[in-house]
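A.B. asks: Whole structure, please, built from the sequences with the hints as guidance.
Chain by chain, the residues run as shown.
2 protein chains.
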Amino acid sequence: MSAAIDFYFDFSSPYGYLAAREIDALAAKHGRIAEWHPVLLGVIFKETGMAPLTMVPLKGDYSKRDFARSARFHGVPDFRMPSKFPIASQAPARIILWLKETDRALAVRVALALYHAYFADDIDISAPENAVAIAAKEGVDPFAARAAIDDPAIKDALRGETERAIAAGVFGSPFVIIDGEPFWGADRLDQIDKWLATGGF
Amino acid sequence: MSAAIDFYFDFSSPYGYLAAREIDALAAKHGRIAEWHPVLLGVIFKETGMAPLTMVPLKGDYSKRDFARSARFHGVPDFRMPSKFPIASQAPARIILWLKETDRALAVRVALALYHAYFADDIDISAPENAVAIAAKEGVDPFAARAAIDDPAIKDALRGETERAIAAGVFGSPFVIIDGEPFWGADRLDQIDKWLATGGF
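Those protein sequences? They're chains R and Y, same order as listed.
If you're matching positions, the first sequence starts at 1 in this note's numbering and goes up one per residue.
If you're matching positions, the second sequence starts at 1 in this note's numbering and goes up one per residue.
It is worth saying that the hints were derived from the structure and are not from the lab.
Quantities reported herein were computed from a predicted structural model and do not represent experimental measurements.
Heads up, some of the hints might be wrong.
Copies of the same chain are indistinguishable here, so a pair counts whether it falls within one copy or spans any two.
Each computed EDC-like pair below joins lysine to aspartate or glutamate, with the alpha-carbon atoms no more than 16 Å apart [unchecked claim]: (1) Lys29 / Asp193; (2) Lys59 / Glu47; (3) Lys84 / Asp124; (4) Lys100 / Asp24; (5) Lys137 / Glu35; (6) Lys84 / Asp122; (7) Lys64 / Glu181; (8) Lys194 / Glu163; (9) Lys84 / Asp179; (10) Lys84 / Asp121; (11) Lys59 / Glu181.
C.D. replies: Written out as structure tokens, the structure is:
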């Protein structure tokens, strides 16, 4: 097994959701493992002076259409834009960072459940109680999950993830870095596949 | 043969070049014809308050890397970033609009030759004499081409193309509109293929 590939995502990112559903299988196909890095796009945007796509004139309207069409294209027909968007993603991100420490598979399962809750069931996962309830359905202890959200060490860990992501050049979600090569967007999954298959092209 | 699909592009757009190389075959595969619309991204950006990708912090550096990698991915290994970028694309755009009036096939051939001159041979096609020389190599009368660049009617036609593009929601290059459905970017060619195959998904 070679080195991990780095997968950066924000829970408020529709394209992040589409990539999250595929990244583990894509990595495994090429004998790699994806390391999941939940990050805060709000902090990254502040640092880089960018704005959420949906707030950019013209691109905003297009992007909402493209989110849904891209979701259908990627086999996610139950995608729908949440009524509250974008959201601050501290609560779900902290749960995942906490779970990752002890159980990678569970962390990924809960991450996908959180994404699905937000982008299919219109549940506001920025609310700690909602994020905890989703995790609990996957078998996570709800009291421990709630404590993790408020744990100063986990808060620090999320700040650290986001700072390291910025230092690594991450400016959007999803963002994948493979042996130093950066790929931005769910629409680069095909290039990632070729990159992993060929060792770079 | 059903209705045309609309293909909008700027000669200064690397992703526009990649899409231009494929759009006719893609349309033909589904019994359609692409109508080529050269437009001025500079005017569109001014109208929409956007900036060229390469000038956006962080995204700029990434985009240069992604241009070249996407070119290799699309089978264009001789792509290289021109030393002057971006350029004003009035001269090549006007030649194409003028040629389109009488010979669509020639217009497409010259458009691809202009793109190749700029993105492979580093020829500054914003200079009328360079644009004319490229067209001449494809069999176009150089004196007529030079006159077309300064022809008030052709200038008006380009202004009209760009204004109609903005009115149709075009904010980038390449941009394709199929029966009212907008697709932005060379990375949407796969969705365009599926859209044309299925009649919409």
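A.B. asks: All the hints need checking, so say for each whether the structure fits it.
C.D. replies: Now the hints, each set against the structure:
1. In this assembly of identical chains, the alpha carbons of Lys29 and Asp193 lie at most 16 Å apart only when taken from the same copy (9 Å versus 25 Å across copies).
2. In this assembly of identical chains, the alpha carbons of Lys59 and Glu47 lie at most 16 Å apart only when taken from different copies (13 Å versus 21 Å within one copy).
3. For the homomeric pair Lys84 and Asp124, the shortest alpha-carbon distance inside one copy (7 Å) is at most 16 Å, but the shortest distance between copies (47 Å) is not.
4. For a Cα distance limit of 16 Å, the shortest separation of Lys100 from Asp24 inside one copy, 15 Å, qualifies, whereas the shortest one across copies, 48 Å, does not.
5. With identical chains, the CA atoms of Lys137 and Glu35 are never at most 16 Å apart, being 23 Å at best within one copy and 52 Å at best between copies.
6. Taking CA atoms no more than 16 Å apart as the test, Lys84 paired with Asp122 passes inside one copy only; the shortest distance there is 8 Å, against 47 Å between copies.
7. Taking CA atoms no more than 16 Å apart as the test, Lys64 paired with Glu181 passes between copies only; the shortest distance there is 13 Å, against 28 Å inside one copy.
8. When the C-alpha separation of Lys194 and Glu163 is checked against a cutoff of 16 Å, the pair qualifies neither within a copy, at 29 Å, nor between copies, at 39 Å.
9. Proximity of Lys84 to Asp179 under the C-alpha cut-off of 16 Å is found in neither arrangement, the shortest distances being 36 Å within a copy and 31 Å between copies.
10. Taking the closest pair of Cα atoms, Lys84 and Asp121 come within 16 Å of each other only inside a single copy of the chain (12 Å); across copies the shortest separation is 49 Å, beyond that limit.
11. With identical chains, the CA atoms of Lys59 and Glu181 are at most 16 Å apart between copies only, with a shortest distance of 14 Å across copies and 27 Å within one.
Of the numbered hints listed earlier, those contradicted by the structure are 5, 8, 9.
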